[in-house]
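Asker: Our numbering numbers the first residue of the sequence shown as 3 and each following residue consecutively.
Think of the hints as simulated: they come from the structure by calculation, not from any bench. Any given hint could be a false lead.
Distance ranges between label pairs, derived from CB positions [claimed, not checked]:
1) P73 <-> I296: 23 to 29 Å
2) G147 <-> Y327: 16 to 22 Å
3) G99 <-> K329: 35 to 41 Å
With a straight-line Cα cutoff of 30 Å, these simulated BS3-like cross-link-like pairs (lysine-lysine) come out [what the hints assert, rightly or not]:
4) K402 <-> K346
5) K112 <-> K47
6) K5 <-> K170
7) K5 <-> K61
8) K412 <-> K344
9) K406 <-> K344
10) K380 <-> K412
11) K329 <-> K356
12) K242 <-> K170
The beta carbon of each residue, even a glycine, is placed where N, CA and C say it ideally should be.
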Amino acid sequence: MKKVGIGILGLGTVGGGAYQILTQNHQNILRKENLDLRVIKVLEKAPDIAIKKGVPKDKIAASIDEITSNPDIDIVVEVIGGIEPAKSFIEKCLTSGKHVVTANKELISKHWSELEQIAQKHNKGLYFEASCLGGVPIIRSIIEGMQANNIIELAGIFNGTTNYILTKMSEEDMSYADALAEAQKLGYAEADPTSDVEGYDAMYKLNILSTLAFRKQIPLESIYREGITQITKTDIQSGKELGYTIKLLAIARMYNNSLEVRVHPTFVPDKHPLANVRDSFNAAYLVGNYVGEIMLYGRGAGDLPTGSAIVSDIIYCAHQDNPRYLKFDSKLNDIKLVTDFKSKYYMVLNCADKSGVLAQTAAVLGNNQVSIDSVIQKGKHKEFARVVFLTHKTSELSMKKAIKELKELKVVDSIESVIRVLD
3 MKKVGIGILG LGTVGGGAYQ ILTQNHQNIL RKENLDLRVI KVLEKAPDIA IKKGVPKDKI
63 AASIDEITSN PDIDIVVEVI GGIEPAKSFI EKCLTSGKHV VTANKELISK HWSELEQIAQ
123 KHNKGLYFEA SCLGGVPIIR SIIEGMQANN IIELAGIFNG TTNYILTKMS EEDMSYADAL
183 AEAQKLGYAE ADPTSDVEGY DAMYKLNILS TLAFRKQIPL ESIYREGITQ ITKTDIQSGK
243 ELGYTIKLLA IARMYNNSLE VRVHPTFVPD KHPLANVRDS FNAAYLVGNY VGEIMLYGRG
303 AGDLPTGSAI VSDIIYCAHQ DNPRYLKFDS KLNDIKLVTD FKSKYYMVLN CADKSGVLAQ
363 TAAVLGNNQV SIDSVIQKGK HKEFARVVFL THKTSELSMK KAIKELKELK VVDSIESVIR
423 VLD
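Model the full structure from these sequences, guided by the hints.
Answerer: Put into structure tokens, the structure is as follows:
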């Protein structure tokens, strides 16, 4: 039996879940893994919270020094969130000879390379399975389960809040505002939902997962990001009629030693497995050159799903004689810009209801190498005809040029929607 001492930084939702699993499942872990996992100290800025969650008073630390200087602590769990003081605390733990397990996606996305160097210097492990997709074991699947493959594509629903909102808009005909309010009431969305609904949360996760999948340290600023705040019930209904379900997708694809990385609302064909991921669930869809398509699905947030991922990392760390550090592919040196992406598009124009309009709009698209797959007139918007275009696969740059020219046409009152379509 191996004894492992644990310190926990932060006892909020996720930290509380990890503490609950470590205490309630102690005997089961001991029996299955031959590990005696003991929480030695907990650092929580509001000690009353720790006490309410069952932490004995003598285990509540007054400062980070009580964690880093304690020789009985082998692994420190960081679940404070944000950049500071989390980053400084992790650095101090690593330099003090402690392994670190974290659920902090923003911190790992922005400072992973720096923290990994500190970990290597001190021969300590930095583990972050819980930073992406909660209880879905996506990181271990990429690092170990896909070892025999070159990953060609990574796509997924990485944010449960936006998926819940879009599900309610689709299945219950809710407006965006009403669906967001319900998500906030249920605790899926924060009072300030910006990180979720504008795609930042999914972008951080995509940054981490694509870096792991393609072994290239991808600059966060190279990821195209677009949120769901402009999606309407009309868009969703139109998508349904065309055989699509709308999702906030995170996508990373490999093309001849270059990558495209992007987060945006996407019409997903109903037959695609990601189209059936509902409510607050997350999913990751991967394509390997040998294994083909695989998908992982589960709860992407919450105290126990994320706490489960934390404890999984603790167990993994405890079994390692030496930490494992990733090697990156130096040949992968070109990150595609958003103008290089190619996609199918759904576009809605509000046009003058008269003859010749379709010819003018089609000419603009054609002149910019945008090929039309289908065009449908769908009722009216005020006195204007509502015209829905579906395009064949075209470049982002061509589409942007076409949109700019369409806005200048006198027969076009407005461009109501432009949404990418998964091919």
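Asker: Which numbered hints does this structure break?
Answerer: Structure breaks hints 1, 3, 6, 11.
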